[in-house]
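A.B. asks: Order-wise, the sequence lines are chains A and B.
The end of the first sequence is residue 348 by my numbering, with every number in the run present.
The end of the second sequence is residue 252 by my numbering, with every number in the run present.
Mixed in with the good hints there might be a few duds.
[Stated by the list, open to error] Using 25 Å as the maximum straight-line C-alpha spacing, the simulated DSS-like pairs for lysine-lysine come out as follows:
no. : chain 1 : residue 1 : chain 2 : residue 2
1   : A       : Lys204    : A       : Lys140
2   : B       : Lys238    : B       : Lys26
3   : B       : Lys162    : A       : Lys204
4   : A       : Lys204    : A       : Lys149
5   : A       : Lys347    : B       : Lys162
6   : A       : Lys197    : B       : Lys26
7   : A       : Lys204    : A       : Lys347
[To be verified] Computed, partial: chain A to chain B, Cβ under 8 Å:
no. : residue
8   : Leu297
9   : Leu300
10  : Met337
11  : Tyr344
Simulated from the structure, these hints should not be mistaken for lab results.
Cβ atoms here follow ideal geometry from the backbone N, Cα and C, with glycine treated the same way.
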Amino acid sequence: MFKRIYALLHKDVLLEFRQKHTFYGIVLYIASTVFVIYLSFPDKPDGATWNSLFWIIQLFICVNAVAKSFLQESKGRMLYFYSIASPAEFIISKIIYNVLLMVLMSSISLILFFFFLTNPVNNALQFTGIVILGGISISLVFTLMSAIAAKAQQNAALIAIMGFPIILPQLLMLMKLSKVAFAEVFRAGAVMQLSLLIVGLDVLVVAMAVVLFPYLWKD
Amino acid sequence: MKKSWWKILSFVLLIYTVVAGFLIKVPDLPIIHQSIRNLYFHVCMWFAMMILFIISFVYSILYLNTSRYINDIYARQFAAVGAFLGILGYSTGAIWANYTWLTDQNQSLGSVLKEPKLLGAAIALLIYGAYFVLRGSFTDIDKRARVSAVYNIFAFVMLFPSIWIIPRMVGSLHPGAPGSDTGNPALNAQKDLDAVMRMVFYPAVIGWTLLGVWIATLKIRIQLLQDKTLINE
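Only chain B is shown next, with the shape it has when bound in the complex (with noise of 0.2 Å):
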C-alpha cells in the first residue's frame, strides 16, 4: 500500500481528466470549437510518451556502464509503453486533424498530414519500430542488449533535432509555429492555454505519465518473473 501511492494518484486524476476534461467550460474558439477537450488526451500522449523514451534511454547509458541484465529489461519495456503512447497520440492527432484541419472536401489527411510537426513524430515511431526490430534479430542475449542500447541512445539522440530543433525553423497548421510568439514546438501551455483548461491540463499530463509508468512497471515484472533464471545478480 505504502508504494502504490502514485497508482491511486494516478487513477484520482485520470478520473478527474475524463470527467472534467468532458464537462469543464472551455473558450469557444473558431474551427476547433469543443475538439479543444482533445487536447486533455491528445496532448498528454506526447508528454508520456516523451518521458518515457527518456528513462528508456538513461537505463540504456546504465546497461552500457554496468552490463546488468536488469537494466536491458527496463530499457526495453519502457520504450516499448513509449511507443504505444506514441501511436495513440498519433491516432488522436489525425482524429482532431481530421475534423479542424481539413477545410473542403476534396483535401485528403493525408494530404494535410505532412507537417513538420507530425513527421518528428512518425520519425520517432519508425526508430523505436526499428529498435524492435533488432532486438528481434538477436538470439544472443548479451549480444542483444548491448547492441540494442548502443542503437537506442543513437536514436534517441538523433530524434532529438528532429522533435526539438526542426520544427521551430519551419511554418506549420499544428500549433507552435514560428511567427505566433509561442516559441514551443507544439504548445505553450503558459500562454495559448487559459486558466481553466491549464487546470485540469496539468493533473491530465502526470495522470497519463504514471499510467505509463504503471503499465511498463507491470510488464517489467512480468519479464523479471520470466527471465528469473538469467539474472544472478
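So that you can see chain A by itself, here it is in the shape it has in the complex (with noise of 0.2 Å):
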C-alpha cells in the first residue's frame, strides 16, 4: 500500500516538474496578488488587517492550487489508475502531494508579505507554524472539494462556492490562533484547545475523504 502510494506521489511530483508551467502560475498568482495588495494601501496595514488579507490569500491560492488536483487528470487516466489502485491510496497520494505543494505556497506568500507588506508579527517563528498547520488544513479541505467538483461541469467555480462555507469555521480558528503571535493574550491553555481543535477537525477531514472517496471514484 505504501509503495503505491509513493508511487502516485511520485507521479504528481515528476509531472509538477515537467509541467512547470502550472507550478510558477501559481507564485506568479500570489506574488501578484500580494502586490496588488501593497499598491492598495497607502501606508502599510495595522496587525488585524494584515492577519485577515493573510488568510484570505491564503483560501484564494488553495483554490488555485488544489483545484488543478483532480481537474488535470483525464477520464483515460482515471481509468488506469482504478485499474491499478485502491481509492484510498490515490486520495491518501492526491491528499499528501496537495499538503506539500500548499505549505510550500503558503511559505511563499508568508515571504513576500513579510516582504511588501512589512512584519507586524511579533513571533514570527510561531506565525510560520500557524500558517504550515492552516495550509494543511485548507489544502485536505479543498482536495476533497476538488475531487467532487471534478464530477460536475463548471467545477472551477465550483469548488469555491462549496469550500468556502466549510472551510470557515477553522479559518475563522486560524485568524484568531495566529493573533497569538501579534502579543494578544489568551486565556491559558487557550491556544492549546484551538490548535487541537483544528488539528483534530483536519483528521476528521482525512477520515471522511477516505471513506468517502471510492463513491465519487466509480463511474
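Hey, can you piece these two chains together into the complex? The hints should help.
C.D. replies: Here it is, written out as C-alpha cells:
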C-alpha cells in the first residue's frame, strides 16, 4: 500500500516538474495578488488587517493550487489508476501531494507578505507554525472539494462555492489562533485547545475523504 | 386517515402554540419583555431544521449504500425544507435581535449579527445553498445523486463543530454563552425556561418539526410522480 501511495505521489511530483508552467503560474498568482494589496494600501496595513488579508489570500491560493489536482486527470487516465490502485491509496496520495504543495505556497506567500507589507508579527516563528497548520487544513478540505467538483461541469467556480462555507469555521479559528503571534494575550490553555481543535478537524476531514472518495471514484 | 394522525397532531399543536404562545402569561424580563414569545417560533425553527438535516443526512448515507434513486429524492427534499426553516429561523432571530440587542441608535444590525452562534447558522445555510448549486450542475441523474450525497455527508459532518462545538467556547450575546451556566450552545430548556413556558415550548418544537416533515413528504410525493418513469423498483 505505501509503495503504491509513494508511486502515485512520485508521479504527481514528477508531473509538476515536467509541467513547470502550472507551478510558476501559482507563484506568479501569489506575487501579483500580494503586489496588488501592497499598492492598494497607502500606508502599511495594521496587524488585524494584515492578518485577515493574509488568510483570505491563503484561501484563494488554495483554490487555485489544489483545483487542478483532479481536473488535470483525464478520463482515460482515471480509468488506468482505477485498475492499478485502490481509492484510499489514490486519495491519500493526492492529499499528501496537495498538503506539500499548499505548505510550500503558504510559505512563499508568507515571505512575500513580510517583504511587501512589512512584518507586524511579534513572534514570526510561531506564526510560521500556524501558517503551516493552516495550509494543511485548507488543502485537506479543498482536495475533497476538488474531487467532488471534478465530477461536475463548471468545476472551478464550484470549488469555491462548496469549499468556502465548509472551511469558514477552521479559517476563523486560524485567524484567532494567529493573533497569538501578534502578542495578544490568551486565556491559559486556550492556544493549545484551539490548535488541537484544528488538528482534530483535519483528522476528521482525512477520515471522511478516505471513507467517501470510493463513491466518487467509480463511474 | 390512519396514517394522518401525526398531521392532525401537528395542526393541533401549532394552533395551541400560536394561541397559548400569544396569550399565556410569560415572565417579564428586562430588555426582552414580551418579545420572549418569539421563543416559540425562533428556537423551534432551528430544532426543526436540525432534525430535517439529520434525516437528509441519513437518506444520503442510505443512497450511497443502496443506490436507490428514491433515497436521493428524500435527501434532497428534506434538505430543501430544512434550509427553508433555517432561513425562517435566521430572519425571526434577526427581528428579535433588532429589538433586544440594539442598544443605541448608532449600532447597525450588521455589526451585532457577527456572533459565533449566528455564524454557525449562516454557514449551514451557505452549505445547503452550495448543495443545491452542486445538484443543479449535473445533467446525469445517477452521477448527481451520488456526488451530491457525498457532499451532503461531508458538509453535515463539517457543520457539526461549527454548530455544536465552537459556540460553546466563545462568549456571545446569544443565550447559552460559557459563563452563564447553561452549557448548551443556544438554549437549555430545563434551566432557562420557567415551567409555564416549557409547557408551550415542547409542544411547539414537536408541532413545527411535524409540519416540516409534512411539507417535505408532500414535495417528495410530487417529485416521485414527476420521476415515475425513472423509478423502477
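A.B. asks: Against each hint, give a clear statement of whether it holds in the structure.
C.D. replies: Evaluation of the provided hints:
1. The straight-line distance between the Cα atoms of Lys204 (chain A) and Lys140 (chain A) is roughly 17 Å, inside the 25 Å bound, and the hint therefore holds.
2. Using a Cα cut-off of 25 Å, the hinted pair Lys238 (chain B) and Lys26 (chain B) holds, with the two alpha carbons roughly 15 Å apart.
3. Note on Lys162 (chain B) and Lys204 (chain A): the hinted pairing holds, with a Cα-Cα distance of about 15 Å set against a maximum of 25 Å.
4. Between Lys204 (chain A) and Lys149 (chain A), the direct Cα distance comes to roughly 22 Å. Compliance with the 25 Å bound is thereby established for this hinted pair.
5. Simply put, Lys347 (chain A) and Lys162 (chain B) have alpha-carbon atoms about 10 Å apart, close enough for the 25 Å limit, and the pair holds.
6. With a C-alpha separation of about 50 Å, the suggested pairing of Lys197 (chain A) with Lys26 (chain B) is violated against the 25 Å cut-off.
7. Restraint check: the Cα-Cα separation between Lys204 (chain A) and Lys347 (chain A) comes to about 11 Å, which is no more than 25 Å; the hinted pair holds.
8. Annotation: interface hint on Leu297 (chain A) holds; nearest CB of chain B at approximately 5 Å, less than 8 Å.
9. At its closest, the beta carbon of Leu300 (chain A) sits 11 Å from a beta carbon of chain B; the interface hint therefore is violated under the 8 Å criterion.
10. With its C-beta approaching chain B no nearer than about 5 Å, Met337 (chain A) sits inside the 8 Å limit, and its interface hint holds.
11. Restraint check, Tyr344 (chain A) versus chain B: the minimum CB separation of about 5 Å is within 8 Å; hint holds.
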